[in-house]
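Chain by chain, the residues run as shown.
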Amino acid sequence: MSPNSWVIEMAAHKSRLQVRRSLSPHPHALGSDAFVRSPHAPVGNPVFEDIGTILSVLKASGLLPIYEQVSSFEVGPPTRTNEFYSFFVRGVVHALTIFNIYSLMTPNGAKLFISLRETDNVNQWIELLLCILTYTLTVFVCARNTKCIIQIMNEILKLDQEVLRQFGVALSNNCNFSIKFLLLIAACQAYIIFIRIHVLDGVITPTTYILIGFYAIQNGLTATYIVFASALLRIVCIRFQFVNRLLNGYSYAQLLGKSRRQLQSHMESFPEDSLFIYRTHNRLLRIYKSINECCSLIIVCFLGYSFYTVTTNWYNLFVQITNNKGVISSHIMQWCLAWLCLHTALLTLLSRSCGATTNEANITSQILARVYGKSKEFQNIIDKFLTKSIKQEVQFTAYGFFAIDNSTLFKIFSAVTTYLVILIQFKQLEDSKLEEQLQETN
Amino acid sequence: MHFRNWWLSEELASTINTLTNLYQQHLNPHDFNDCLSFDNYIIYKGLSIWLEVASMFVMRYGLSPPISFKLFLGLVGVMAVQMSILLIGMHFHLAVLYIYRSVWIVNRELLTLANQLRMWNIRSSPRVQELHCLYSRLLGLSNRLGALYDYQMTLFMISLLSVNILSIFYMIVYCISLKKILTFALAINFIQALAINLMDFWLSIAVCDLAERQGRATSAILKLFNDIPELEVDLDRSINDFALFCCHRRLRFNHCGLFYVHNAMGFRMIVACVLYLIYLVQFDYMNL
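Protein chains in written order, with full-length UniProt numbering: chain R, 1 to 442; chain L, 1 to 288.
One or more of the hints may lead you astray.
Said to hold, decoys possible - Subject to a maximum C-alpha distance of 20 Å in a straight line, what follows is the list of computed SDA-like cross-link-like pairs (lysine to any residue):
(1) R:K147 <-> R:F87
(2) L:K223 <-> R:L285
(3) R:K376 <-> L:D236
(4) R:K391 <-> L:A80
(5) R:K411 <-> L:M265
(6) R:K391 <-> L:M286
(7) R:K59 <-> R:G168
(8) L:K223 <-> R:N282
(9) R:K427 <-> L:K223
(10) R:K391 <-> L:I42
(11) R:K376 <-> L:R237
(12) R:K158 <-> L:D236
(13) R:K376 <-> L:A264
No lab work stands behind these hints: they were computed from the structure.
My request is simple: use the sequences and hints to build the entire structure.
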């Protein structure tokens, strides 16, 4: 009795080792970057070190909790003082917002609008209000979701720990884009402030400075939060990719040209690995869903604001071109281009990272369908997953309003075009009305 | 609306009887206390109805200060009609909520079952069959309910949306073309009526969305059974059946065969309203 079981155990152990070896020496088959890092490298906080800068910015502005590092694979809730700090910062932000709205109502604020027409002014007003609304909402939602964010981080860390233990692989993140985007945001906002102050004439009171500065900070922080959400999505995406690669190792294409014995020994570990894969996939889906729930309201608001800003800036450019017979005043052009560049970049980033993650999550069943499953047992394992994934498309939705993926970018720009046409029609109506009035007075 | 309600009252009664029957047989022993969104939505709906009534009263009262007895009677009559319409909306809302809560209980049962299977080495359970049966009965009930209330709810939504569009449009006309200054009281009146209408509309969308999301969660929970090794064949089969059933017959609310009610639809409706408002303003721009 006992020797038998011993033998079996030996065999199982061997096959495990084999799988591990087959994982590491074929980086081209199982993907490259994710496996390069050695598992025994000193890990401080391996998952979030790539987005450390952006995390510290968000922590300082009170949008994220200043969490405690319990161990390298766990974060704890913030301490009392840090919590109080975040609370204080949020209070200051709300006070400043109220002050800003008040000073916009006074004639001091009216100087900020450099345009000539009624329609343009209405547009700028709406844009400002949308910005304020977006940021205030971001702060509120973040304050409410403190626990949720920490939970998401913990789940990701736990998953990584498990992957490290089972496969000896530390997953990297490729989130370096976050720093680039942070720089882009800072540069664009600084440039916009500079132009705005340059254009204003007359005496500039400190209130105006506060107004402009705070407006820029609001814009910048909202954009930073969006970059943070994209980075989180990217992290989840890389985990999905890992699962898919693991599964890909068992597919027909990988097993082509192997002898029967090799096949058998290769497929031996499949039942065990399939359990891990299914569990990880479920957990990743749960993380994905909770990220969606945390950020969806902010993303909806940001998309609305961003849509509006892009539209008004295109419109401004158009008005400038038609009015001055092709000669554009340089500062307005720079101003519009800075805004357009910032928002287009952010929209692209958001929709691309959502699209990539959704794609990776949905592709798992496709890969599974190609897994080599000659025996009844493997077929059962595969069917178990596939039956439960029929019509279960994973989607990142903006509060259930619409799905965000690569097609969203197209939809937004087609909506921008439609709205632009409507705005231009308004402008023409306004022009013809003015002419009529002039004729009447003559 | 009332006519249809009366016409189908027998069917309605039988549907509600089935629902209560279902609760008595299967669901009553369970603990409902931590179903938070059920409680929240009931509170919201009640609040919205009270607010609607109050805002109607304020509007009528505020716009025509000298009130004679006849006018008062007329007002009461109009308000009674509106109130009854609101109450029909509420009935549907409550029924959907009850279905939501039952599905929520099914989900919770499944979740605890998954946990139990993982923790202890139980390999079979007859519970899944029962839950499957319960779920299918709930689906049938929700379909019947949807069919009962479809015209009423469609009319209700259309009226809310058109009231919103027209009121915004008249407000714009009033302010700009008649060159009247918007008094503070009027603005507050207008905004509160608009906000309450929108809230009511959104609640009727959100509750359907809530139930639908819970239905989708069932499939997601069934996926959890994937990674439990060595399930008994019977249990495995019944879970598979349940999963297939869930993906073929989803919990959705269809009004008149025209549209499914969920958040995406609500968003599209609101966007359509905004566009319509812009067209109206453009048509009337020369007079503004």
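With a cut-off of 20 Å on the C-alpha distance, tell me whether K376 (chain R) and A264 (chain L) pass. Roughly 42 Å separates the two Cα atoms, so the pair is violated.
Would the hint linking K411 (chain R) and M265 (chain L) be met if the CA-CA limit is 20 Å? Between K411 (chain R) and M265 (chain L) the Cα gap is close to 16 Å, so the pair holds against 20 Å.
Given the hint that K427 (chain R) pairs with K223 (chain L), does the C-alpha gap stay at or below 20 Å? Given pair K427 (chain R), K223 (chain L) is violated - Cα atoms ~55 Å apart, limit 20 Å.
Is the straight-line distance between the alpha-carbon of K59 (chain R) and that of G168 (chain R) 20 Å or less? Not satisfied, since the Cα-Cα distance of roughly 32 Å exceeds 20 Å.
Given the hint that K223 (chain L) pairs with L285 (chain R), test it: the Cα-Cα distance must not exceed 20 Å. 11 Å, holds
Restraint status (C-alpha distance of K147 (chain R) to F87 (chain R) at most 20 Å): Measuring from Cα to Cα gives roughly 14 Å; hence the hint holds.
Between the alpha carbons of K223 (chain L) and N282 (chain R), is the straight-line distance 20 Å or under? 7 Å, holds
For the pair supplied as a hint, K391 (chain R) and A80 (chain L), is the alpha-carbon distance within the 20 Å limit? 46 Å, violated
Run the distance test for K158 (chain R) versus D236 (chain L): straight-line Cα separation, threshold 20 Å. 29 Å, violated
Given hint R237 (chain L) paired with K376 (chain R) - CA-CA distance at most 20 Å: 15 Å, holds
Does K376 (chain R) pair with D236 (chain L) here, judged by a C-alpha cut-off of 20 Å? Holds, because 15 Å separates the two Cα atoms, which is no more than 20 Å.
K391 (chain R) and I42 (chain L): Cα distance at most 20 Å? The hint is violated at about 32 Å.
Checked against the numbered hints above, the structure violates hints 4, 6, 7, 9, 10, 12, 13; every other hint is satisfied.
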